[in-house]
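Engineer: One line per chain: the protein sequences are A and B, in this order. According to the working numbering, the stretch in the first sequence is residues 1 to 414, in order. According to the working numbering, the stretch in the second sequence is residues 1 to 414, in order.
Check before you lean on any hint, since a few could be wrong.
No distinction is drawn between identical chains; accordingly, a pair holds when it is met within one copy or between any pair of copies.
Claimed, not checked - With a straight-line Cα cutoff of 20 Å, these simulated SDA-like cross-link-like pairs (lysine to any residue) come out: (1) Lys144 with Glu270; (2) Lys157 with Ile17; (3) Lys157 with Val18; (4) Lys223 with Gln16; (5) Lys223 with Ile17; (6) Lys229 with Gln109; (7) Lys157 with Arg316; (8) Lys223 with Trp24; (9) Lys144 with Thr125; (10) Lys144 with Pro357; (11) Lys144 with Asp61; (12) Lys223 with Ala51; (13) Lys157 with Val255; (14) Lys223 with Pro166; (15) Lys157 with Pro128; (16) Lys229 with Arg246; (17) Lys382 with Arg188; (18) Lys223 with Glu11; (19) Lys223 with Val255; (20) Lys157 with Asp388.
Hint data in this document are derived by calculation from the structure and do not stem from the laboratory. All of these numbers come straight from a predicted model, not from anything done at the bench.
Number of protein chains: 2
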Amino acid sequence: MRCEVVAVGTELLLGQIVDTNSAWIGEQLALAGIDCHRHTAVGDNRERMLAAFREAIERSDAVIVTGGLGPTQDDITREVVAEVMGVGMERDPEVVAEIEHRFSGRGRQMPANNLRQADVPVGATVIPEMPGTAPGLVCPIGAKVFYAVPGVPWEMKAMLEGTVLPDLHRRTGSDAVIRSRVLRTWGRSESGLAEVLADEIDRLDVEGGPTLAFLASGMEGLKVRITAKGADEDEVAAVLADEESRVREIVGPIVFGVDDQNMESVVLDELVAQGLTLATAESLTGGMVGTRLTDIPGASRAFRGSIVAYAGDVKRGLLGVPDGPVVSEAAVVAMAEGACRVLGADVSVAVTGVAGPDPQDGEEPGTVWMATSVDGAVEAWKVMFPFDRTLTRQFTVITVLEALRQRLIARRGG
Amino acid sequence: MRCEVVAVGTELLLGQIVDTNSAWIGEQLALAGIDCHRHTAVGDNRERMLAAFREAIERSDAVIVTGGLGPTQDDITREVVAEVMGVGMERDPEVVAEIEHRFSGRGRQMPANNLRQADVPVGATVIPEMPGTAPGLVCPIGAKVFYAVPGVPWEMKAMLEGTVLPDLHRRTGSDAVIRSRVLRTWGRSESGLAEVLADEIDRLDVEGGPTLAFLASGMEGLKVRITAKGADEDEVAAVLADEESRVREIVGPIVFGVDDQNMESVVLDELVAQGLTLATAESLTGGMVGTRLTDIPGASRAFRGSIVAYAGDVKRGLLGVPDGPVVSEAAVVAMAEGACRVLGADVSVAVTGVAGPDPQDGEEPGTVWMATSVDGAVEAWKVMFPFDRTLTRQFTVITVLEALRQRLIARRGG
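Using the sequences and the hints, build the whole thing.
Structural biologist: Listed below in structure tokens is the structure:
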């Protein structure tokens, strides 16, 4: 089974938007074990769309087209797919009713243009998921198939997950269920992880067994993705659970989260579970630790606030940092203690360092002092990051929160 | 002149990385007035690369290939381009010397694999820019041409700007110089901007005249791009300057920056110019105002720090917010005053609100109170954002900083 992706939209060719849809679809196809050998982007132009669609369906068994399903005259994916199918268009009264219903539900009148979205190639079926006003289409051509879905990412994803991927899966003639689980880690490099997991990857190198893949994702951690195949959900769940515990045993406590959990959500959950409150004192990150924590809805259950002490005399006056260099152990310890005291928190993290590009107070860019305070006991350490300003700040955030996570786990005897 | 882009790399098809290169190249081609009708992504596979390259050069006058130029056995762009050209490969001694030099300069021995990177199709020339160890290639095929550049974005960009775009420009046979300038705005919607600029866009609708385009860029503002063509740099600079002043006259003071300036850099520059220091008091943004300001190297010239007062009693205890609701005019005024007092700053911004998804203290998500304090005088106002948590936080940052910018300009009598 081979499937290609064709993204439609002149704005993609002009670079006004980056095509993240094709990458996302490519990942889903790979997870489903379906080969994808080509992605194509083409503008809103009948002749060029026709050529791209015909070539794609010639090479492959299935083609997923994103974009060009909107209500304006530019949006001609429906018509071009009908031309490739060699059929005419007919207006679908159910889709008309559905679109009218959506407009009236928001107290708005439907522009006449939107009726175009109810025109469907003869022989195509409308995808039941319809999060926006653009219906998606399943368009068979002999034994092959075109799927037309909107370019709006969340509309596209709903249709892929609800209809397109299951339909592709049925067409592969396989009953197998494929699922994956992501273990998020922090504390080892990608090559370091590959090294400790090398024997396990060799062991897994058998037909039909689970697979491991690595993905470095910046502040989101280094991800280890386990993918497993099985006859049904229960079997796959058991394989995933077994492989997850093997990987955890090998890599140790550097796994901080699973799937959508991130470092901030995990730390906040742990604080709430232990009934602790958190404060932060930040210098080089300028507020990024607090920003990331408060990205999580409900952060207020544990997070009290942050002192962003960028100027040296703010560190001294507000946080009690002693005279002397502000990128130092003494400074970061005082910052961690000051954060707990000034903001009335049980636990704190503090960071001070040189984000770069220039040295500061004789310290090289990338020099960062970090500290955590738990139950009044402060631990401080120094890190030298070999990165630019942006990555130095980002890695400072995840590194100091990972250290806090480890102390919180130790605190509850985990 | 038509040019296509082919991105090589199985990791693109698997969705492990998003293809931002093609978008960037597409934008450069559009700016240079060169038509680009298709982007293609293909895996590291000889047969499929060969098919994609041949189809692309058949359709177009020039093809830019990114990726597949590394030192490993997977990297076969050089060989496949030679096959399309119908020539063999030869090892370029200058490239060998250059790669050896780079390794020895870092005190490392060159792995034998890297010698593969010095193999060049007969008749191709090496691109002089070489920021990494992968040389780029200009490969003529009759009157047409292949450019092969690395997939690493900064290496690719250096080669495009230094060699590929000028070479394409020469091949168009045009002596025209094309340049663009981006005016960044905040305070009007995209459709609102299009409306006030409609007459100007009509006026510009003549062959060879400058053009205007809009691009909504979230926290980076709503961009208006002016593109102009002329016989030489001086002529183009004059057209851009003239059109910039027309646009500024029409849209008014909502233009906050030009090209790479962002709201934070402009506010910091204005503060430094007036010898003022800045503090912030943040609630719903959790430190994002400070984070964005300190993204700018040299922020310490004006930025003193921030009080992130997420918990209500921190707002009261540390910033002097009176009893009563914390999403209110009284609260935000006290926060702005408290930021100046506690952090010892001349000027401040303060924000408190409901980021969502749930209501808080009877206020709907998206309700935000903002304030600026300049020379001890506080101005406060309320905004209702119809967005999700993420966008509400982001738009709060740019909105409050734009208000401060307007007050600073008024202060210096601008």
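Engineer: Could you work out which of the previously given hints the structure breaks and list their numbers from low to high?
Structural biologist: Violated hints (numbers, rising): 1, 6, 7, 10, 12, 13 and 14; every other hint is consistent with the structure.
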